[in-house]
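2 protein chains.
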Amino acid sequence: MKNNQQNVLIIGAGLCGSLLALRMGQRGYNVNVYEMRPDLRKTDISAGRSINLAFSDRGNKGIKLVGLEKKVQELCIPMNGRMLHDKDGNTFLSNYSGRTHEYINSISRGGLNALLLDEAEKHPNVKIHFNKKCKSVDFENTTALFKDYLTKDEFIEDADCIIATDGAGSALRKSYYLGKKFLFSFSQNYLTHGYKELAILPDKNGGYKTYKNALHIWPRGEFMVIALPNLDGSFTVTLFLSYDEGEYNFNNLTTPERVTEFFKKEFPDALELMPNLVDDFFENPTAPLGTVKCTPWHYKGNTLLMGDSAHAIVPFYGQGMNASFEDVVEFDAILENHDGDWEKVFTEFSKTRKKDTDAIADLAIDNFHEMKDHVANPLFQKKRKIEMALENHFPNTYFSKYSLVTFNEEIGYREAMLQGRAQDKAILNMLVDRDINTPYDESNIDELHQILEKIQNETKAVLEDDKIAGLH
Amino acid sequence: MKNNQQNVLIIGAGLCGSLLALRMGQRGYNVNVYEMRPDLRKTDISAGRSINLAFSDRGNKGIKLVGLEKKVQELCIPMNGRMLHDKDGNTFLSNYSGRTHEYINSISRGGLNALLLDEAEKHPNVKIHFNKKCKSVDFENTTALFKDYLTKDEFIEDADCIIATDGAGSALRKSYYLGKKFLFSFSQNYLTHGYKELAILPDKNGGYKTYKNALHIWPRGEFMVIALPNLDGSFTVTLFLSYDEGEYNFNNLTTPERVTEFFKKEFPDALELMPNLVDDFFENPTAPLGTVKCTPWHYKGNTLLMGDSAHAIVPFYGQGMNASFEDVVEFDAILENHDGDWEKVFTEFSKTRKKDTDAIADLAIDNFHEMKDHVANPLFQKKRKIEMALENHFPNTYFSKYSLVTFNEEIGYREAMLQGRAQDKAILNMLVDRDINTPYDESNIDELHQILEKIQNETKAVLEDDKIAGLH
Chain A
251 MKNNQQNVLI IGAGLCGSLL ALRMGQRGYN VNVYEMRPDL RKTDISAGRS
301 INLAFSDRGN KGIKLVGLEK KVQELCIPMN GRMLHDKDGN TFLSNYSGRT
351 HEYINSISRG GLNALLLDEA EKHPNVKIHF NKKCKSVDFE NTTALFKDYL
401 TKDEFIEDAD CIIATDGAGS ALRKSYYLGK KFLFSFSQNY LTHGYKELAI
451 LPDKNGGYKT YKNALHIWPR GEFMVIALPN LDGSFTVTLF LSYDEGEYNF
501 NNLTTPERVT EFFKKEFPDA LELMPNLVDD FFENPTAPLG TVKCTPWHYK
551 GNTLLMGDSA HAIVPFYGQG MNASFEDVVE FDAILENHDG DWEKVFTEFS
601 KTRKKDTDAI ADLAIDNFHE MKDHVANPLF QKKRKIEMAL ENHFPNTYFS
651 KYSLVTFNEE IGYREAMLQG RAQDKAILNM LVDRDINTPY DESNIDELHQ
701 ILEKIQNETK AVLEDDKIAG LH
Chain B
251 MKNNQQNVLI IGAGLCGSLL ALRMGQRGYN VNVYEMRPDL RKTDISAGRS
301 INLAFSDRGN KGIKLVGLEK KVQELCIPMN GRMLHDKDGN TFLSNYSGRT
351 HEYINSISRG GLNALLLDEA EKHPNVKIHF NKKCKSVDFE NTTALFKDYL
401 TKDEFIEDAD CIIATDGAGS ALRKSYYLGK KFLFSFSQNY LTHGYKELAI
451 LPDKNGGYKT YKNALHIWPR GEFMVIALPN LDGSFTVTLF LSYDEGEYNF
501 NNLTTPERVT EFFKKEFPDA LELMPNLVDD FFENPTAPLG TVKCTPWHYK
551 GNTLLMGDSA HAIVPFYGQG MNASFEDVVE FDAILENHDG DWEKVFTEFS
601 KTRKKDTDAI ADLAIDNFHE MKDHVANPLF QKKRKIEMAL ENHFPNTYFS
651 KYSLVTFNEE IGYREAMLQG RAQDKAILNM LVDRDINTPY DESNIDELHQ
701 ILEKIQNETK AVLEDDKIAG LH
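Line by line, the protein sequences are chains A and B.
Quick note on numbering: our numbering labels position 47 of the first sequence as 297, and the sequence is numbered without any gaps.
Quick note on numbering: our numbering labels position 100 of the second sequence as 350, and the sequence is numbered without any gaps.
One should not assume that every hint holds.
All copies of an identical chain are treated as equivalent in the list; a pair is satisfied when it fits inside any one copy or across any two copies.
[Stated by the list, open to error] Subject to a maximum C-alpha distance of 27 Å in a straight line, what follows is the list of computed DSS-like cross-link-like pairs (lysine-lysine): (1) K314 <-> K704; (2) K446 <-> K430; (3) K462 <-> K431; (4) K337 <-> K550; (5) K632 <-> K314; (6) K550 <-> K446; (7) K337 <-> K514; (8) K717 <-> K635; (9) K632 <-> K462; (10) K402 <-> K601; (11) K431 <-> K446; (12) K710 <-> K454; (13) K337 <-> K704; (14) K550 <-> K431; (15) K704 <-> K320; (16) K397 <-> K431; (17) K462 <-> K543; (18) K431 <-> K385; (19) K431 <-> K372.
No lab work stands behind these hints, which were simulated from the structure alone.
Given the sequences, and given the hints that come with them, work out the whole structure.
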């Protein structure tokens, strides 16, 4: 290991920053992490509310890298599929995969972050400084300006390199944009919808009021509610709704009566589980849903954006944290090969990684429409049914788009997107054109095998047609 | 006409701003235009160099709207097609359309802008103020802050509404972005390539050194040179080249010897026409190629972005000015229906227009690859040959993507893009799959008609497949 006495400054001790700090600590670098918030292990930042995230195979690669797989598993609640709730309160479980060992997990953001901070701080060469807000980065001189929120002092730190894992509102990215020292391509795109967090509290005995091992969805076409379980028996519930379109929207849900009316009409079974709805609704903020893309991520060997600061995405594929953890894994592999040459490491990382984070950003927006709308569409449901049967009977051969993205962590997001979209297009069109006849006999393996071959051939044709047209 | 005594403030007196000012003047509004540059009719801003643009049917809609068709025609040089130059100096003319009355024009930016300013100023209710730079816009109070470049004074102007036609670096757009008063989606994306303007000067007798009525292209795969004619016998030449990739790039073309070597190797016939090459190369700046998209364009009924300020695009479809003039036409039609209600006008305009300006932005990037590379590709050339034959024999039925975008001004850019891309995909795939057999007999109208029907059916199938897959 070369140059491990180098000083690495990390901006932001969220999930990505704390995993990176831990890994760089394991590699022996002198690591200083500056975080604007107080230490979440000492201060109850989220006001008692459990906020959870989907944790799956790509994220687990990062956790394995630092040897924490078992400790993280203890924080996980498996979710085997989507539990769909219709307006009449009927429920339908749609598995994420036809392979029973494939599922995603609900995990506490705070719990996971605390674990990573604890483990990072076990390394004497890693120091984490809280309440220090980065205001700007001088990327030409590899220094960063901070404000101490407690003393109100401002101070400058320098390092051999600076890595910004400071999220969607990144100070380094802002410095790139405002600096105008190089051509900086940048986009921030908001959906028409915002979100608000609500809660289903545990029952009297501390148990779950609805099925624990699923990601619950109430799909209603133009809006939806989802719920993910927490270890304490509660569910974190999120309403996704337009700011200003449709009969009910965030701008016109201004009274307790109207909010109750909306839930009574659209989500009656959810309302029953949430006597606390109105209080939550008016106490919790409405937040926007944005996607950030940019390039370049690095300035020479001085500075690098990583995680949300480089590629903030909407939450609908449950891949935000997973993508950031995969960043750390890919970064670490490149560092292994080019240790000592930050410019080479940063250049190589940006070059190989960006196509994949662009892809998951686009996939996440696809899934917004899939979750709020398509899951309730009969054609889409037929497709999912066929895919479940194929994954179940041909577990080593067939992988749906969802499986490719979520459970096939050895291929990149971009490859998963291209193959997955082509498969979806092939199956949907074959269903409409009756090239796949339904109903088919699910127990007839020959019939299923014929369907599999048809889908494989048609998928190949879709990809080939696109290639000839120069689309990819 | 209602409310025509309202005060309209226009920021920027470029092509879009001056056409808009003229039209609003014709409608009777009190129009004040503030332009940061000196009056181009009095100051030779471009240092003697003719800079030209492609002017075509969509732009001409705007010129017809204000009754200047004949005057503008006098500034135009028709270009019937692309004159392709290979490395051996062989040339090949590829027409823009199989219909002989369809062509584009080379027009002087300065000449056209001067005409529009002259015509606008004929209206006593239109005032144009030069050397006044807009620094920011207070969109909540409908006021703008200006700096007078001559007196150095700063002053604030207010109006009933403010329309910013101040180009890619728009002050209003910057105020939207920095103001953070609403969710502003915004992107700026740069190509890996930049451009530099050069010139082929007239011959001794003031004549054209190469064929006048074409847009000349020297396509070389990863870079290219183009040339458009000027009325004075010169051509404005543009080199499009990567900043830092490939054997020759802008970053390493640093000596006269290397520049000459590059042109001798890649563009020998162009070099012969440009004894002034080296001087031009080192005198003229290298400029970036960027695309800007954003939304919303308006803030209530107070302010509106129009033209490049709302949607700057790369120049490869020759549609930048045409799109901005079409903005004025569409805006004018909406104003006709909702005169007196600025918020309604601005909302409606943004809603109907953005899908089309997004499409031309994407098409312009497609054409970057088409011009520098595909035009020299045998498969692409086969496609163009078939399309020319179809347009020639079935002039009311078949329209290539280029024709749909450039000569079918009654349909929007988005429709042109969807239909045109589907046609291209259909033809390219049918050629590869030998569903269209070449060579075919061009004089055999039945054979051509069969090909037409095949293309129409396959195009429909492509569009239908995409629709089922939810792609559009």
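Verification of the supplied hints:
Neither within a single protomer nor between protomers do K314 and K704 lie at most 27 Å apart by alpha-carbon distance, with minima of 38 Å and 55 Å respectively. In the homo-oligomer, the alpha carbons of K446 and K430 lie at most 27 Å apart only across protomers (20 Å), although the nearest pairing inside one protomer, at 36 Å, exceeds that limit. Taking the closest pair of Cα atoms, K462 and K431 never come within 27 Å of each other, the shortest separation being 52 Å inside a single copy and 40 Å across copies. In this assembly of identical chains, K337 and K550 lie within 27 Å of each other by CA distance neither inside one copy nor across copies; the values are 55 Å within and 37 Å between.
In this assembly of identical chains, K632 and K314 lie within 27 Å of each other by CA distance neither inside one copy nor across copies; the values are 36 Å within and 54 Å between. Taking CA atoms no more than 27 Å apart as the test, K550 paired with K446 passes between copies only; the shortest distance there is 26 Å, against 40 Å inside one copy. For a Cα distance limit of 27 Å, the shortest separation of K337 from K514 inside one copy, 10 Å, qualifies, whereas the shortest one across copies, 73 Å, does not. In this assembly of identical chains, K717 and K635 lie within 27 Å of each other by CA distance solely across copies; the values are 21 Å between and 29 Å within a copy.
Taking the shortest Cα distances, K632 and K462 sit within 27 Å of each other inside one copy (26 Å), while across copies they are farther apart (60 Å). For the identical chains of this complex, K402 and K601 are neighbours neither inside a copy (39 Å) nor across copies (46 Å), given an alpha-carbon limit of 27 Å. Taking the shortest Cα distances, K431 and K446 sit within 27 Å of each other only across copies (20 Å), while inside one copy they are farther apart (38 Å). Within a single copy, K710 and K454 get their C-alpha atoms no closer than 54 Å, and across copies no closer than 60 Å, so neither meets the 27 Å cut-off.
Taking the shortest alpha-carbon separations for K337 and K704, neither the intra-copy value of 36 Å nor the inter-copy value of 47 Å comes in at or below 27 Å. Proximity of K550 and K431 under a CA criterion of 27 Å is satisfied intra-copy only: 12 Å inside one chain copy versus 34 Å between copies. In the homo-oligomer, the alpha carbons of K704 and K320 never lie at most 27 Å apart, since the shortest distance is 41 Å inside one protomer and 60 Å across protomers. In the homo-oligomer, the alpha carbons of K397 and K431 lie at most 27 Å apart both inside one protomer (24 Å) and across protomers (25 Å), since each shortest distance falls under that limit.
When the C-alpha separation of K462 and K543 is checked against a cutoff of 27 Å, the pair qualifies neither within a copy, at 35 Å, nor between copies, at 43 Å. Taking the shortest Cα distances, K431 and K385 sit within 27 Å of each other both inside one copy (18 Å) and across copies (21 Å). In this homomeric assembly, K431 and K372 never come within 27 Å of each other (Cα to Cα): the closest approach is 39 Å inside a single copy and 44 Å across copies.
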